[in-house]
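For the record, the sequence lines run as chains A and B.
Under numbering that gives the first Met the number 0, the first residue of the first sequence is numbered 0, with each subsequent residue one higher.
Under numbering that gives the first Met the number 0, the first residue of the second sequence is numbered 0, with each subsequent residue one higher.
Computed beta-carbon distance windows for the label pairs: (1) 53(B) to 101(A): 52 to 62 Å; (2) 101(A) to 84(B): 42 to 52 Å; (3) 242(A) to 9(B): 50 to 60 Å.
Below, computed lysine-lysine pairings styled on DSBU-like, alpha-carbon distance capped at 30 Å: (4) 207(A) to 120(A); (5) 94(B) to 69(A); (6) 69(A) to 75(B); (7) 207(A) to 44(A); (8) 87(A) to 207(A); (9) 241(A) to 16(A); (10) 10(B) to 193(A); (11) 75(B) to 193(A); (12) 205(A) to 87(A); (13) 229(A) to 16(A); (14) 113(B) to 97(B); (15) 87(A) to 210(A); (16) 69(A) to 88(B); (17) 81(B) to 69(A); (18) 9(B) to 193(A); (19) 75(B) to 94(B); (20) 41(A) to 87(A); (21) 69(A) to 113(B); (22) 81(B) to 193(A); (23) 29(A) to 173(A); (24) 193(A) to 113(B); (25) 97(B) to 69(A); (26) 193(A) to 88(B); (27) 120(A) to 210(A); (28) 81(B) to 41(A); (29) 229(A) to 81(B); (30) 229(A) to 241(A); (31) 16(A) to 81(B); (32) 193(A) to 97(B).
The hints are simulated quantities; they were obtained by calculation from the structure and are not laboratory data.
Ideal Cβ placement from N, Cα and C applies to all residues, glycine included.
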Amino acid sequence: MNTVAPSSEAETLEQLKQTVSASRLSCWSKCRLQFYFRYVQKLQKPPTAALHLGGVVHLVLQAWNMARWKRQPFNVEVYRSVFDTGWKDQQTPIDWQGEEESQRNTAWNMLERYFIETPIKSNELPEAVEVPAEVDLSNHGLPVLRGVLDLVRAGSRIVDFKTSARTPNAEDAKHQNQIQLSSYSILYREATGKRESGRELHHLVKLKTPKIIITPVEPMTDREQTRLFKQMESYVNGIEGKDFVPSVGMHCLSCEFFNECRRWG
Amino acid sequence: MIVLECNYSKKIGLPNYSSHQFSVSLKTELADITQVEQESARLYEVLQQSVDQNIQQVGYLPATNGNGHTKPVDDKWACSDKQRDLILKVITEAKLEKNQVEQLAQDRFGAGVKQLNKLQASGLIEELLAQTGQSKPRSQRFQKAGAR
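Let the hints inform the model, and build the full structure from the sequences given.
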């Protein structure tokens, strides 16, 4: 475990108050102590097997989206090569528990299944692929919101790709990803001056026979926006008050800071 | 046979007392008079979109300020100032041809560089950084992003 401490804690907290992203806000909502270890203390942990798998799957999907944008023909060999290169790129050793080969096969099988079952036609030109965006919410007394949109399909449909171990239920998926989906809607609306026509969660499920679950989500409502703004307000107030108490629950079992948390108090 | 003839025209003012206008006309045949209302509404939308999309390209403009001095024309960018500065910086530093960047914007977004909205400009910047070898590897981004 390494600690990166180039700036004082006060400086870090000030920076965290100035900008926020969906992943940071989700972490804050899940457990403030996890947030503290990850973003304030900046404790570095090796990537987990699941994180590496998810990252490589995203990398291949990005290449596929970019290729459609450039009107290049579908060529599975190209994506296999992106996949192999991405998989080998393990700068920090990952604890595979002897299952790297099977995880690798699963990841590729998920992508192959996605290419077959995706609702996106091979000639559909994206509106945006993996684009960073930000919006200054200071007129609401809130920080700058930043994020990267995986894909915006033709017709203003915001898509977020997910890898998961379990088959998601549509309502649960919408609820669990509310912070991310609302953040993307706000970013999209500010950057384009128009409303999204809808949002989609594309889950690639890690099963022996992988499954693809597409969850359509309606455009963000005013209530959802208010909800996100309240969450951001709580984030700013919490950081100001240095409120980093743990939220203990099932999610602790997969938390990389389990040991640090046990020692906290 | 019923013939429906539609025309949409728009004229807009431009800097230095200039203006330009564009109109699109079309003629279509209808089998039944009951289709007129629906079809004319549809065509109105099609023609308006077509004119609005094209009229954004202002083309050549006489660049004088009235005193015989030239000045930049149509410097209004639809993206943010920060994005505009970054696009220009990448073009200058990497010695890119401006018309090639313009072509890239047209190919990718169907609009000129100055007409790109913030999302499109962000996409263009990513592409320019990738072309000039300045983009961050994706794998690093995912690791920083936390759990997916």
